[in-house]
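*Asks:* Now for the letters of each chain:
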Amino acid sequence: MKRIILSLALIAVAGTGIIGATRAYFSDTETSTGNSFAAGTLDLNLDGVNTNVVKFSLTNLVPGDLGTGTWILYNAGSINGYVDIHSIARTDNDNLCNEPEGLVDTTCGAGEGELSANMNVDLFIDVDHDGVFDAEDTTIYTGLLSGIAVNYDQNIALNALATKYISLNWGIPSGAGNNIQSDSVSVDMTFELGQTTAQ
Amino acid sequence: MKRIILSLVLIAVAGTGVIGATRAYFSDTVTSNGNTFSTGTLNLTVDNKEDPLVLHLARTNLKPNAPWTTQYGGQWVIKNTGSISGTVTVTIKNLKDYENGCLDPETETGDITCGSGVDQGELGKGLLKNIVWQLNQAPWGSLTPSFSSLTSAIDVPVTGVKYHLDPGESKNAYLNINWDNSSGDNQGQSDGVEFDVEFVLNQDP
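Residue numbers (this note's numbering), protein chains in the order written: chain A, 1 to 199; chain B, 1001 to 1205.
Calculated from the structure, these hints are not laboratory results.
Keep in mind that this is a model prediction, so the values were computed, not measured.
Just so it is clear, CB atoms sit at the ideal spot from N, CA and C, and this is done for glycine as well.
The following residues of chain B were derived to be distant from chain A, with all beta-carbon distances above 12 Å:
{"no.": "1", "residue": "Gly1117"}
{"no.": "2", "residue": "Leu1135"}
{"no.": "3", "residue": "Phe1147"}
{"no.": "4", "residue": "Lys1162"}
Derived DEER-like restraints, expressed as beta-carbon distance ranges:
{"no.": "5", "chain 1": "B", "residue 1": "Lys1096", "chain 2": "A", "residue 2": "Ala149", "range": "56 to 64 Å"}
{"no.": "6", "chain 1": "B", "residue 1": "Gly1184", "chain 2": "A", "residue 2": "Leu103", "range": "40 to 48 Å"}
{"no.": "7", "chain 1": "A", "residue 1": "Asn151", "chain 2": "B", "residue 2": "Ala1024", "range": "18 to 26 Å"}
{"no.": "8", "chain 1": "A", "residue 1": "Asp130", "chain 2": "B", "residue 2": "Val1156", "range": "42 to 50 Å"}
{"no.": "9", "chain 1": "B", "residue 1": "Ala1024", "chain 2": "A", "residue 2": "Asp28", "range": "41 to 49 Å"}
{"no.": "10", "chain 1": "A", "residue 1": "Ser146", "chain 2": "B", "residue 2": "Val1161", "range": "32 to 40 Å"}
Please put together the full structure from these sequences, using the hints given.
*Replies:* Now the structure itself:
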């Protein structure tokens, strides 16, 4: 009887060992938590703002007048991009004809002004930021304002936190005549900073 | 078979991602709308009339007088009704110097141009003198050049700061003409002159 009891005890101990072994094999764990994906930013500022910028609001112009205006383009984002100019819209108005204009101009209604056809413009990347259209600069368009295109896919590289300048020089030749008296022309344009050159 | 289907599903998902990327790259736009360029106006009226600005003058029944006593010119109100300043230039044009036939006193004093042409008279050739454009208001003064005869004044523009007009400003422009008595006055009997005066307002340089 004593031997029977001993055998049973050994079996119990052995069983316990087997169970313990299945619970404590060798193992090791390492974590890879905190993986993240964060998008960059692409943010174009014009003259330091994100709102519409009216660069020119000129009145009482006469033949012989000229001037320049410069847009400051700043990439406030974190990724590099490329700038295009598009949606350029031009509207000429005659604003009625006074007596001298009426002698030489028979189109005196809305949309019938002649100012853009008598205004020379140079739109360019102002590399040296001096407002002067010179050899260092890159031409976007030069000619009469009436001939400016709607879109210019210039793909001007503008890196993150970088600044570039686009200038518009304008002039009304002295030879312009009374047909532009009281005329006006408005110009709208959109600057787009794209992630790729394909945009 | 199950693995093949799973692969196809993964390819489809990846393809959708590529298509989505080409349609929605990052971009930002800022407008510069409402840029305007507007010209001013330059408009001259003479005696409140828009046009014509070439006026015709005819002077008859004139007679010589003591120097600087009687004047045969004219005065006009020149006004800039435009929005920009300018300066008026005046020019005498198209002189017609009529003889209207020679009377005895004329021929007796040596007048041998007695025809019907527009250059036969003697008034324009020098009997009428001191042809001077003036500002007939304070600050009074004359413009240059002045002329010794109407003939010498033809097609010569006269201008000066005295005829400068700001927008809305008006001035009195005066043309002085004298017939100062001299030994040859009889040659001008029955003579007559006609001429045009052109007013032009030019923008300031």
